[in-house]
Amino acid sequence: MIKKLILPAMLMLSSLHADYNQKVKLPTISFPMVADENFRAMQRNCQWCHSYGYIINQGKQSRKFWHKSVVKMREVYKAPITEEDEKLVTDYLFKYYGNSKLK
Amino acid sequence: MHRRDFFKTSLVASAALLGTAASAGTTKQPIDSQVISTVAFPEKRPLITYSDRPPILETPRDAFTTAITPNNEFFVRWHSPKIPTHTYLKGYRISVNGLVEKNLSLSLDHLKKDYEQVEITAVLQCGGNSRSAFIPTTSGIQWGSGAMGCATWKGVRLKDILKRAGLSSDAHWINFSGADTPAFHKAPKLIRELKINEISDDMIVAYEMNGEDLPFLNGYPVRLVIPGDYSDSWIKMLSNITVTKEYKSLYYMDTAYRIPDNECECETEDDLFEKTKPITTMNIKSLIGYPTSNSIINVDANVVARGVAFDSGHGIKDVLISVNGGRTWESATLGDELSLHAFREFRFAFRLKEKGPITIMAKAINNLGEEQPYPEAIKWNHGGYKYNGIDSVTIDVV
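Chains A and B supply the protein sequences, listed in that same order. Just so it is clear: in the first sequence, position 78 is 78 by this note's numbering, and no numbers are missing. Just so it is clear: in the second sequence, position 258 is 1258 by this note's numbering, and no numbers are missing.
It should be emphasised that the hints constitute simulated quantities derived from the structure, not laboratory data. Hints may contain errors.
[Said to hold, decoys possible] Straight-line alpha carbon distances no greater than 30 Å define the calculated BS3-like cross-link-like pairs of lysine-lysine that follow:
no. : chain 1 : residue 1 : chain 2 : residue 2
1   : A       : 23        : B       : 1186
2   : A       : 68        : A       : 25
3   : B       : 1277      : B       : 1195
4   : B       : 1028      : B       : 1082
5   : A       : 64        : B       : 1028
6   : A       : 23        : B       : 1112
7   : B       : 1275      : A       : 25
8   : A       : 101       : A       : 68
9   : A       : 78        : B       : 1090
10  : B       : 1275      : A       : 103
11  : B       : 1090      : A       : 25
12  : B       : 1028      : B       : 1102
13  : B       : 1248      : A       : 25
14  : A       : 23        : B       : 1189
15  : B       : 1277      : A       : 72
16  : B       : 1090      : A       : 103
17  : A       : 64        : B       : 1195
18  : A       : 23        : B       : 1154
19  : B       : 1090      : A       : 23
20  : B       : 1195      : B       : 1248
21  : A       : 68        : B       : 1090
22  : A       : 64        : B       : 1102
23  : B       : 1277      : A       : 78
[Stated by the list, open to error] Simulated restraints, written as ranges between beta carbons of each label pair:
no. : chain 1 : residue 1 : chain 2 : residue 2 : range
24  : A       : 22        : B       : 1327      : 53 to 61 Å
25  : B       : 1374      : A       : 60        : 39 to 47 Å
26  : A       : 43        : B       : 1172      : 39 to 47 Å
[Stated by the list, open to error] Pulled a few chain A residues facing chain B out of the computed Cβ check, cut under 7 Å:
no. : residue
27  : 23
28  : 32
29  : 33
30  : 34
31  : 39
32  : 41
33  : 44
34  : 45
35  : 59
36  : 77
37  : 82
38  : 96
39  : 97
The C-beta atom is built at its ideal place from N, Cα and C for all residues, glycine as well.
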């Protein structure tokens, strides 16, 4: 019985190990975010590089923390965040993922 | 109002409002999430999932009862969003270039046929493992304790590859990078540098993990293995090795993965220590794999706590267990030493006489006499790196 179960499992595993001649399909996970009037700024700036999971995982933070993160995304990772969007994205993050402290 | 002015004003206003926010910085037990995703990634069972793009997966606590972490439970951390999802092995090459006598273009077949095959069992751990322990929160993935694992890696010695290429006399540094790339070409690529005179015999270019091809998400087809060091230099999907004379200033060397260069390796948010050093070597750590906060433990039942301990390669001498919240400690039984760099299993049998919550703790001691500090004794650093506090699990005895 056990052997019968192990064999298909091994075959499944080995098919993944073949040269990756087929594209590896990575699953898509939807991380729920509030869709308010600033959400479009999030959509056009954040997802170039990472999922919203990064934001949720970071937990509730100060306005200064989020602003620093937004600036880092532009300065280090070269996300094309305009000055206008810098404020909209920071506002959004602080509104929904803020700890009510400015710094 | 111009928006720059807005921020200036709001910061001044906040400082006036709150006074100077003197946050000394402290640590606590890292989060102990048992929230397993319903979604499984290729070659993985469902894990604690922080991001799908790039994939970031944490190993749940209950995997840490054995010295070898199964491939399908092994944690995953990529930095760049663009990861090749199609690897044509016949065309896959690792380029060895720069200050070498002969450029090499190595296929997986070359590695397997032209070089001596070696194996090492070693722990791979993210420098930010347990980052959620740090208060105030530092920027970066808020890991629990599962950004680590131990595997038997098979491949060829880095030294042997460099010998074949022939190093020029003025070669001092080696750059390593993988096939993954950032979203914007001006953004920093994950490139790591190693000093040539620090390359040891146990650093390998590995293509196998626990007897199988490297899983795609752990760096298929080849990755660098650097026993004793945090994972930042264990480059995945290794595709380029460049030998240089001078150290190159790089984001992932000079800014990321650094800690204060002082004795306590600590600082505060308001007073960051200016001089920094790379995180490099792992410190001593242990983790209880069983019981977990989900375990049901009955009064007077025979319980065997299990877990793993490791350091940077000096070897584990002892693991002390407390089943009364730290009042008394006793030595656990240690499992075989698979290698000095491997997880060392520990077991500890006990019985609890009373109902109610009880905290089980584990503290590892290595052959140098170094031991894990209490969480509260660990001081803050801006990257949330190198947490290694005494582990504890609180269970409800019924």
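TODO: If any of the earlier hints don't hold here, list their numbers in rising order.
DONE: The structure conflicts with hints 2, 4, 7, 9, 12, 13, 16, 17, 21, 22, 25, 28, 29, 30, 31, 32, 33, 34, 37, 38, 39, although it agrees with all the remaining ones.
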